[in-house]
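Asks: With chain V fixed as given, assemble chains A, S and G onto it according to the hints.
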Amino acid sequence: MNFPSPILAADYVGHVVGGWEYVQGAYGLTLVALLAYGAYLFNARKDRS
Amino acid sequence: MSGHPKILAGAFEVLRKDLLIEWRTRARLNALIFFSLATLLLFSFALGPDSELLRKNAAGYYWLGILMASVLSLGESFRIETENLALDGLRLIPTDPRAVFLGKAFGNAVMLWLLSLIVLPVMVALYDVTIREGVAQLAGLLFLGCLGISAPGTVYAAIASNARARDVLLPLLLFPVLLPSLLASVKATGLIFEGDPMLQLRSWVGLLASFNVLYWGLGFVLFPKIIEDD
Amino acid sequence: MRHWTLTYSSQTQALLWLPMILLALVLALIGVHVFDPKARRWTWKALAVIGVGMAVGQPFLALSWVPPEKYMGDTGRILYVHVPQVWMALIALTLNFGASLAFLLKKSWVSDALAEASAEVGVLFGAVGVTLGALWAKPTWGAYWTWDARLTTAAILLVVYSGYLALRKFIEDPEKRATWSAVVGIFAAVDIPVLWFSVKWWRSMHQTQSNPSTVDPLMTAVLRYSATAFLALLAVFIYQRFLVASAKRNEEVALPEALPAVGGTP
Amino acid sequence: MSQPAAIEVVDVSKRFGPRWAVARLTFTLATGRALLLTGHNGSGKTTLLRMLATATFPTAGHIRLFGQETRAERAALRDEVALLSHASFLYEDLSAEQNLTLVARLRGVPQAKAAVAALLDKVGLTTRSDSPARHFSAGMRKRLAIARLLLKRPKLALLDEPFGELDPAGIRQMEALIRELKDGGTGVVLATHLVEQGQSLTDERLHLENGRAVGAQA
Chain V
1 MNFPSPILAA DYVGHVVGGW EYVQGAYGLT LVALLAYGAY LFNARKDRS
Chain A
1001 MSGHPKILAG AFEVLRKDLL IEWRTRARLN ALIFFSLATL LLFSFALGPD
1051 SELLRKNAAG YYWLGILMAS VLSLGESFRI ETENLALDGL RLIPTDPRAV
1101 FLGKAFGNAV MLWLLSLIVL PVMVALYDVT IREGVAQLAG LLFLGCLGIS
1151 APGTVYAAIA SNARARDVLL PLLLFPVLLP SLLASVKATG LIFEGDPMLQ
1201 LRSWVGLLAS FNVLYWGLGF VLFPKIIEDD
Chain S
2001 MRHWTLTYSS QTQALLWLPM ILLALVLALI GVHVFDPKAR RWTWKALAVI
2051 GVGMAVGQPF LALSWVPPEK YMGDTGRILY VHVPQVWMAL IALTLNFGAS
2101 LAFLLKKSWV SDALAEASAE VGVLFGAVGV TLGALWAKPT WGAYWTWDAR
2151 LTTAAILLVV YSGYLALRKF IEDPEKRATW SAVVGIFAAV DIPVLWFSVK
2201 WWRSMHQTQS NPSTVDPLMT AVLRYSATAF LALLAVFIYQ RFLVASAKRN
2251 EEVALPEALP AVGGTP
Chain G
3001 MSQPAAIEVV DVSKRFGPRW AVARLTFTLA TGRALLLTGH NGSGKTTLLR
3051 MLATATFPTA GHIRLFGQET RAERAALRDE VALLSHASFL YEDLSAEQNL
3101 TLVARLRGVP QAKAAVAALL DKVGLTTRSD SPARHFSAGM RKRLAIARLL
3151 LKRPKLALLD EPFGELDPAG IRQMEALIRE LKDGGTGVVL ATHLVEQGQS
3201 LTDERLHLEN GRAVGAQA
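Protein chains in written order, with my numbering: chain V, 1 to 49; chain A, 1001 to 1230; chain S, 2001 to 2266; chain G, 3001 to 3218.
Hint data in this document are derived by calculation from the structure and do not stem from the laboratory.
Remember, it's a predicted structure, so these values are computed and weren't measured experimentally.
Careful: at least some of the hints might be erroneous.
[Stated by the list, open to error] Just a sample of chain G residues kept apart from chain S, beta carbon distances all over 12 Å, derived:
id: 1; residue: GLU3097
id: 2; residue: ALA3115
id: 3; residue: THR3126
id: 4; residue: PHE3136
id: 5; residue: ALA3138
id: 6; residue: HIS3193
[Unchecked claim] Now the in silico label distances, taken between C-beta atoms and shown as ranges:
id: 7; chain 1: A; residue 1: VAL1135; chain 2: S; residue 2: VAL2253; range: 52 to 60 Å
id: 8; chain 1: V; residue 1: ASP47; chain 2: G; residue 2: ARG3019; range: 42 to 50 Å
id: 9; chain 1: V; residue 1: ASP47; chain 2: S; residue 2: LYS2038; range: 19 to 27 Å
id: 10; chain 1: G; residue 1: PRO3018; chain 2: A; residue 2: PHE1035; range: 40 to 48 Å
[What the hints assert, rightly or not] Straight-line C-alpha distance at most 27 Å; calculated DSSO-like pairs for lysine-lysine:
id: 11; chain 1: V; residue 1: LYS46; chain 2: S; residue 2: LYS2106
id: 12; chain 1: S; residue 1: LYS2045; chain 2: A; residue 2: LYS1225
id: 13; chain 1: A; residue 1: LYS1225; chain 2: S; residue 2: LYS2248
id: 14; chain 1: S; residue 1: LYS2107; chain 2: S; residue 2: LYS2200
id: 15; chain 1: S; residue 1: LYS2200; chain 2: A; residue 2: LYS1056
id: 16; chain 1: S; residue 1: LYS2169; chain 2: V; residue 2: LYS46
id: 17; chain 1: S; residue 1: LYS2106; chain 2: S; residue 2: LYS2200
id: 18; chain 1: S; residue 1: LYS2248; chain 2: S; residue 2: LYS2169
id: 19; chain 1: A; residue 1: LYS1225; chain 2: S; residue 2: LYS2106
id: 20; chain 1: S; residue 1: LYS2169; chain 2: S; residue 2: LYS2107
id: 21; chain 1: S; residue 1: LYS2248; chain 2: V; residue 2: LYS46
Note that beta-carbon positions come from the ideal geometry of N, C-alpha and C, so glycine has one too.
Just chain V, with the same shape it has in the complex (with noise of 0.2 Å):
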């Protein structure tokens, strides 16, 4: 009952007061932060070669 559904996250979105959209900005920005090395890392390997 605890396996991940949207209708799950979704109801915490509803029901968690304060800091959720917090957390989640937390983890937006440890994908940001990834992604924009990544991004970095692939540009510069295509310039090498």
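Replies: Same frame as chain V, now just chains A, S and G:
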């Protein structure tokens, strides 16, 4: 042939040479003294006229003043070596690179120590500090702290002196590495100022001594890698 | 403390093993990558697929599957990225130390390139990790930054290795750059544990580290899953960055074989 | 061969960044002979001399001096090889005498003070022995650098543009000095633009272009 006595003899000559140069260019040392005095003054200006706060943090400001001056004096100690490629000349005499490290690092420590002693009375007056545990202990501790700055300082100054943007690079590389010995120095100096009822001084001094052993050992082993060109 | 642990379904129980299996897979792939040069053409791709796939699933698990933490609530979910990110940074910087040491013992452009790659990727993960730590600290401790030993050390660690990266940029001669940065890398690495203890003693403020036995197994599982995902990404990043560094080094240092032999004697 | 050659350069290359300062150079110089090194600016003369002096080491290839490999035996070789470099190696803030005394002490020269005084006399700097090197003219620096080199009594003297910045009298003195070194059995490598002057002092010639030996001639 190149046993330990030879390294120590070489180190002694290098030390003598550095101190001789410092003595012949006293104007530079004077400038350094005024620089650290200005730094101490700036702290008291920046913090306002709260004399209680200044006294409480005096040890910290004092060591920061020494640290700021150390960057200048370390940079200077390698500027004279890059001029005319004098360091190459020293190597080819030949001088053991480890002897160069010991001599220069010890010379830098002595210079910083003298500086800190000269600035000491002004600092005491400026921050209204009482030295509760004795001036001799303080002088010894200051020397130990200066040794802790000069060993990594000499290695990093040798590196920075040959790189672009050396004035930015030296503090950038050096300050974070110096933090452990700086923290120990500040704590121990603070205890000498404020008194040491809990007998913590010994352990801080012991800690500082251990950092010294570590950094001097690393410098001794790694310095040749920096100045030998292969 | 949390008796509801016992109510997990057998399905969930089985799933708790999944992260360990994935971790073993990732470690095996890294091992093959390191020891079999011929396999490198595909191992990094496999790691990339696993890493990206797991990283996409990670927010799903950490944000919705795992129940909120008892005391911290949802904010505690930040830890599922913060902690593994810092772990990865430490792994990368340890690798930098190894590469620096290897270079000083035996000069090789491979160890130099590896040192460059691991330091940069380590700083990236470290910076993200520390930022997330600060974001977590604000709602938890009421301030982004408390000067506790671990935070302070982490921050200084970032400065130390940013200095290392700056040094690499400021030296043009590849031989000197390699040697000097190796020396700086060793000084920095030795300084890190020293720094940690000194800051700890300086602050004399304790914060005991949590360990798996005091934490709900579900949370441990998600933490392990996240660490595995980031480990795969870390390996891919370091390898790719290593290839970039190697290619650059090859441009910088032509080989004497490229020169025709036209020797002459007086 | 009963005696190893003074200099043995085997397929030596030296790279600075992307540029090859010396490229696949091979030559030998028998003991007691003097070599003239010619070539334009940037042809690799200075780099070659620095490698012979063990100040720096080849990127590829080997250099052996008196049968000893430079990289491995640097400590021993530095005792026997002296370099008169383009850079003077002097400490600007030390006096002429202090500069020499430093070298003498580091080499463990007996009666350092007397030896230094004799050398200062020889290069004609006795009257200025107490002024710091900073106040010296280029020619005087050169003289001081020569005195520094002579403190070593080297088996091999490497001279990079020894006549540069000297006045005519100084040049004559330098010539006499090089002859003296040669007669004393010291090997000499002389890099100079003054080809005729150099040829009268040396036995062999090596011409460098872009780090390579060109048109070998005796």
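Asks: Confirm or reject each hint.
Replies: Against the structure, the hints come out as follows:
no.	hint	in the structure
1	GLU3097	35 Å, holds
2	ALA3115	35 Å, holds
3	THR3126	39 Å, holds
4	PHE3136	31 Å, holds
5	ALA3138	28 Å, holds
6	HIS3193	18 Å, holds
7	VAL1135/A <-> VAL2253/S: 52 to 60 Å	56 Å, holds
8	ASP47/V <-> ARG3019/G: 42 to 50 Å	23 Å, violated
9	ASP47/V <-> LYS2038/S: 19 to 27 Å	26 Å, holds
10	PRO3018/G <-> PHE1035/A: 40 to 48 Å	41 Å, holds
11	LYS46/V <-> LYS2106/S	31 Å, violated
12	LYS2045/S <-> LYS1225/A	38 Å, violated
13	LYS1225/A <-> LYS2248/S	24 Å, holds
14	LYS2107/S <-> LYS2200/S	37 Å, violated
15	LYS2200/S <-> LYS1056/A	21 Å, holds
16	LYS2169/S <-> LYS46/V	21 Å, holds
17	LYS2106/S <-> LYS2200/S	36 Å, violated
18	LYS2248/S <-> LYS2169/S	13 Å, holds
19	LYS1225/A <-> LYS2106/S	12 Å, holds
20	LYS2169/S <-> LYS2107/S	20 Å, holds
21	LYS2248/S <-> LYS46/V	13 Å, holds
Hint check: violations occur at hints 8, 11, 12, 14, 17; the rest are consistent with the structure.
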